[in-house]
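Each chain, letter by letter, is given below.
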Amino acid sequence: MSATSVRPRAQAEASPAAPPAKGKVYSPYSNWFYLPSAVIYGVLFVVPTFASLYFSLTRWSLFESKFIGLENFRLFFQEPQLVKGFTNTLIFAVITSGSKVVLGLLLAVLLTSQIIGRGYLRSVVFFPVLVSTIGVGLTFTVLMNPERGLINGALEVIGINGPGWLTDPKWALLSVALVDVWKGVGLATLIYIAGIVSIPREYMEAARVDGAGSWETFRRIVLPLSRPATVTVIILSLIGGLRSFDLIWAMTRGGPGFTSDVIASVIYKQYQAGFYGLSTAGNVVLFVVVTAVVLPLFWYLNRKEVDM
Amino acid sequence: MSTAELVNHRPGRSYLLSAVAILASIVVFVVPFVFIVLTAVKDRQQAALLDFSWPHQFQFVENFVAVIEARDYMLVIAFINSTVLTVVSVTGMVVLAAMVGFVLQRRRSRWNPFINFIVLSGLIIPPAVVPTIWVLQGLQLFRTMTGLILIEIAFGLSFCILLFRAFVATIPRELDEAAVIDGAGPLRLFFRVIFPLLRSVIVTVVVVQSVNVFNDFVNPLYFLPGDQNATVQLTLFNFQSQFTTQYNLLFMNILLITIPPLVMFLFFNRQIVAGMTSGAVKG
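Line by line, the protein sequences give chains A and B. For the first sequence, the positions run 1 to 308 when this note's numbering is used. For the second sequence, the positions run 1001 to 1283 when this note's numbering is used.
Hints are computed from structural coordinates only; laboratory data are not their basis. Computed from a prediction, not measured in an experiment: that's the story for all the values here. A few of these clues could be false.
Said to hold, decoys possible - Here are the simulated lysine to any residue pairs, SDA-like style, with alpha carbons at most 25 Å apart:
hint: 1; chain 1: A; residue 1: K170; chain 2: A; residue 2: L150
hint: 2; chain 1: A; residue 1: K170; chain 2: A; residue 2: G257
hint: 3; chain 1: A; residue 1: K84; chain 2: A; residue 2: T291
hint: 4; chain 1: A; residue 1: K170; chain 2: B; residue 2: L1050
hint: 5; chain 1: A; residue 1: K66; chain 2: B; residue 2: Y1222
hint: 6; chain 1: A; residue 1: K84; chain 2: B; residue 2: V1218
Using the sequences plus the hints, can you model the full thing?
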């Protein structure tokens, strides 16, 4: 079983299927190594996750719970503000994830080219990833102030009357999504840069010999071969987008009204209000949404990759 | 000539492109940070204008002291709390996740798909908030730093395990075999042979996760409420209501909280990029 020697460019991510071990051969890879992680993870993550399935069906005060069936879920999909949170979550995730893929790839191509100030550009694009989300949120809340904010001030100079970014119900969610992209695109770029740089140079040389220009090289070589990076970026940003809470909370608190509420902020609001059962139901809904969106996508994208 | 240079081989165009890119980067990415710094050193009246202008008078020290002293030195306490939280939980995460990632990559067993599934679900499934509080209360760990540290470890493990597993795949198995032949047991093999080789990915994990934990807002909000326990992100949030009329102090707070990630970044930028890139290149 340990005879599997060096596989060139082992795609460990892509082929998780392992041949089942036969017999009790001595292994230097002890299963005890799993134990500490398994305990912490099991008690603080797995148990609450399973517990949430039950408690979402109850009216719950942390000390006693009363089984009420699907009442919480019925409420969740009937109250307009909770439904709004549900649709907003999907919109937010799709917008941010799509933008990060496109912008991340473009920036990565730009930042792997022979451009002046490449190191500076990479740093400056990546840095917002490391900054506190709450800090970014509060800063942009001020910058997006409709009357006095810098953004509308700048737009006025070129003759555009900027909208009330965070005060206009039509714009609030989009504005938060915009800031999320601003903050997160650096990570997508970094992942893409790693992907592009790892493309074997022979491919590029071969393409050049065959007379391919920049666009052709990008279209035929960079784009298909950075597919693993695309998969990573899409999955990561979708998960992040669906679960996103702090930026929205810092910028709008779900407002104006509940027009920029997402499931995660609904969960917090219900928790604060003491509706623990309803809050947990929100958690289960979020869990189902994330799983329903991400898992099929994950399988689909990875299958395509194997086909290639 | 590197791969990257071959991708775009247009020497003639790159001056214009560079100028545009640098200009755009300043407008989009630099200006917000300059705004933070400028507002942080303004006096109260000027900061309330919210405009992008040069400060009439620099009040760096006054604002700094005012923020530090606010609410009985809450920011100082918060910095201590955040430091403890970050250091302990990231250390725990790195060691535990490296162990799991190593065994998971090396050992071929029929449990692997199941373990991979569990690890992956940790990345995907949003933690159930109130049931976690319920479990923590049962363990007497709710509202304690220990509880929050364990929470951060539990929620951060998956990401670290995936990174470590991918990186361990790049370490030749022959190395293990040689060490085993030389008489190394599992612990020795891992801590003396493998762990040092993971250095670059450890740096990546440490930087990424300590920034994550330091910047984490949601978990302290839920699992460690109370002013005495505040972490830096919560101070920002608590100060927001108090400082609505004192934007200079709010932004001074933001500035102070941005410094630790900035230091991390200046110090480790090369290692992050090198770490992630080398993982991708060696494959």
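Against the structure, the hints:
no.: 1; hint: A/K170 - A/L150; verdict: holds, 20 Å
no.: 2; hint: A/K170 - A/G257; verdict: holds, 12 Å
no.: 3; hint: A/K84 - A/T291; verdict: holds, 20 Å
no.: 4; hint: A/K170 - B/L1050; verdict: holds, 24 Å
no.: 5; hint: A/K66 - B/Y1222; verdict: holds, 23 Å
no.: 6; hint: A/K84 - B/V1218; verdict: holds, 22 Å
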